[in-house]
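Chemist: Input sequences plus hints: build the corresponding full structure.
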Amino acid sequence: MQEVELQDILTAREDGDYIINIGPQHPSTHGVLRFVVSLKGEMLEYVIPHCGYIHRGIEKMCERLTYPQIIHLTDRMDYLSAHMNNEAVSLLVEKATGVEVPERVKYIRTILSELQRIQSHQLWWAAFGMDMGGLTCFFYGLRDREKILDIFEESFGSRLLHSYICPGGVMNDIHPNFQKRTKEFIKYFRKKLPEYDELLTGNIIFEMRTKGMGVLSKGEAISYGLTGPPGRASNFACDIRKLYPYSAYDKVEFKEILYTEGDTWARYKVRMAEMWESMKIIEQLIDNIPEGDFTIKMKPVIRLPEGEYSQRVETARGELGVYVVSKGEKTPYRMHFRTPNFSNLFVMNRLAAGNKIADLIAISGSLDLVIPDIDR
Amino acid sequence: MPFNIYDFSGTTKAIDQFLYAKMPPTWAFITELAIVGLIILLFYAVIGLYLVYLERKVCAFMQNRVGPNRVGKWGLFQTIADLIKLLMKELITIRKADKLLFNIAPFIVIIASFMAIAAIPFAKGLHAVDFNIGVFYMMAVSSIGVIGILLAGWSSNSKYSLIGAMRSGAQVVSYELSVGLALLSVVIFSGSMQLSTIIESQANGWWIFKGHIPAIISFVIFLIASTAEINRGPFDLAEAESELTAGFHTEYSGIRFAFFFLGEYMNMFIVASLAATVFLGGWMPLHIGNLQGFNHVMDFIPPIFWYFGKTIFIMYLIMWFKWTFPRLRIDQLLTLEWKYLLPINLVNILIISFIVLMGWYIK
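For the record, the sequence lines run as chains F and G. Count the first sequence with our numbering and you get residues 1 to 376, in order. Count the second sequence with our numbering and you get residues 1 to 363, in order.
Treat the hints as calculated values from the structure; they're not laboratory data. In this text the structure is predicted, and so the values were computed from the model without any measurement. Hints may contain errors.
Said to hold, decoys possible - Straight-line alpha carbon distances no greater than 27 Å define the calculated DSSO-like cross-link-like pairs of lysine-lysine that follow: (1) G:K99 x G:K85; (2) F:K211 x G:K99; (3) G:K339 x F:K356; (4) F:K191 x F:K218; (5) G:K85 x F:K356; (6) F:K147 x G:K57; (7) G:K159 x G:K96; (8) G:K57 x F:K192; (9) F:K330 x F:K191; (10) G:K57 x F:K40.
Claimed, not checked - From the structure, some residues in chain F lie toward chain G, with a derived Cβ separation under 10 Å: (11) E42; (12) D131; (13) M132; (14) L200; (15) N203; (16) A358.
Said to hold, decoys possible - Computed Cβ-Cβ distance ranges for the label pairs, DEER-style: (17) G:L87 x F:Q179: 50 to 58 Å; (18) F:L142 x G:S353: 50 to 58 Å; (19) G:I213 x F:L149: 46 to 54 Å; (20) G:I213 x F:S217: 41 to 49 Å; (21) G:K13 x F:Y18: 57 to 65 Å; (22) G:F321 x F:M43: 45 to 53 Å; (23) G:L87 x F:I19: 30 to 38 Å; (24) F:M43 x G:F107: 29 to 37 Å.
Backbone N, C-alpha and C define an ideal beta-carbon position, used for all residues, glycine too.
Modeler: Next up, the structure:
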């Protein structure tokens, strides 16, 4: 397999190429993403990802919004990691203004992030199974995801776009049932997660489709900027929760899942193992949520002191970096999100070129792309 | 024979004699053709629609869902409502499509399955045609369908369709070999290609029990290969909706699409009934050796129930595959056929021939 540089593929298109557009409306791109694919029979010659179909200019919009308002936009980036996105901006504002949030808030944030991670991985598993042709996976995944969404709905009144974590704490205190239902869910999901393995993991067809497919070495993963499960599948230790612990991650024991193979199978296994780890984290915290305030009183108008600030968090898909340049106003002067999916997308050509169409779908499924997060 | 109480040949003969007595032979012949054609047409439509219903219910059962339950009791009329919707939809032909081939393709698919259904024995004396080369005929007509799929892909002027059709061509042509060889094993056992004779030869036990392990191997290979031949999951590469949106019928709409859809389900019915007929004794009740009482009780279950019971069991197996397995890739699909199924099948045929020569099978 020859490695084609991005610069080369942009000029690689010739008249004789058999070009197919996978997307922007295609069942397997999970959103409005478009791959321009050149085929030779079943083989892919090159893949050019085209993004920007739902670019909403979130970064530009942020320049006119106050920090508490920005929270509501971050939900709309990676909608499956809404809590983590909220948390990133909240942590940044707290860091910049020098506010220390109560312990209770840290615990709640961590539990929510991990619940969100499980929920996101469930949906990924469901969609990945569907991409591979196993349609039943989709319903198994969504069945269990529903339980988490119900917990979310009870506590914050919304199932997808929560805007619950805000600078200074969380919007409201958790629902009295929250701890009970979360514990019930963990008990339930510990029984159900092995079902996922029974349905898909051990399947010989699935193994043949994923093992040794789309291999990425550690060096390449770093140079492409891969983070999250795709990065860790290539043995790149990039878990922000371990490297720069925030919230309550320094108080819990968990393993950073690392695989050395770097193929689709490893990316799959990393996420499956992460669900177990997330459950472990929640179990350590859920009974020990300290009493106290769920928020501290922030100033009515939050102004960041002049300067540049950044904050990294680990979302379900990788590292989310938030970068703010402030001129001391109530709105940021410039705001940038380093979203994990944007970096993870552009490895597509490297992974898929030289393989077959079916592998393109499997590989893009294993990268777990959320398109609004790419386009912002 | 005890199972003669449910023999349909008397009824059909009586109708035949009645018609020939009432009108000149030519007209009687034409009337008979019309009656048989009409019955098969109606049967085809009803079976096709209720197979879709069955599949949706099985799929719902596998996926923790309820399935259709709104139109009629238990949603029984859901598929009929769907058919009416499909009938009323606009037939879209995209620009620069090859109009003639584009229009013909669905008919080829559906005619192929029509022709195959004519030779299926539903009960004793209840089949349209009883060929002396029944198995061969079924193989031949069922492979006409792939021409329709190839034409659909070629004439649609769509790249997705073309890839789907090419995949389908490679797949069906390869797996036809395994289907044929698996059927051949029973032809060797029973010494006949006539479906009615094959069924009669299973009066004292079905071939899957009588033929020792080689017959079971043949049965399993037949199930795998026929699932692939009818383009159903996990071998649904021709459609592969997560890769090719809908494969060869991407550009079809309305009733033309419904033809492909019905054709696919009828093909499933045909391979299931062929498997039931050849390996599981068709309409023949379950008989165990010399257990006279047991055999006698089994004879009182009408053959039509035996036949449909076995067919639905095999269709359930095929649906089970579809809803639990991920899809294969094209190279793995061809590897499975040419490197595994075909050699196993050839060796199996040799073993079976040897068994039959030595007379070791259970007679």
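Chemist: Against each hint, give a clear statement of whether it holds in the structure.
Modeler: Against the structure, the hints come out as follows:
no., hint, in the structure
1, G:K99 x G:K85, "holds, 24 Å"
2, F:K211 x G:K99, "violated, 44 Å"
3, G:K339 x F:K356, "holds, 20 Å"
4, F:K191 x F:K218, "violated, 34 Å"
5, G:K85 x F:K356, "violated, 37 Å"
6, F:K147 x G:K57, "holds, 24 Å"
7, G:K159 x G:K96, "holds, 13 Å"
8, G:K57 x F:K192, "holds, 23 Å"
9, F:K330 x F:K191, "violated, 48 Å"
10, G:K57 x F:K40, "violated, 40 Å"
11, E42, "holds, 6 Å"
12, D131, "holds, 5 Å"
13, M132, "holds, 4 Å"
14, L200, "holds, 7 Å"
15, N203, "holds, 6 Å"
16, A358, "holds, 5 Å"
17, G:L87 x F:Q179: 50 to 58 Å, "holds, 56 Å"
18, F:L142 x G:S353: 50 to 58 Å, "holds, 52 Å"
19, G:I213 x F:L149: 46 to 54 Å, "holds, 51 Å"
20, G:I213 x F:S217: 41 to 49 Å, "holds, 47 Å"
21, G:K13 x F:Y18: 57 to 65 Å, "holds, 60 Å"
22, G:F321 x F:M43: 45 to 53 Å, "violated, 28 Å"
23, G:L87 x F:I19: 30 to 38 Å, "holds, 36 Å"
24, F:M43 x G:F107: 29 to 37 Å, "holds, 34 Å"
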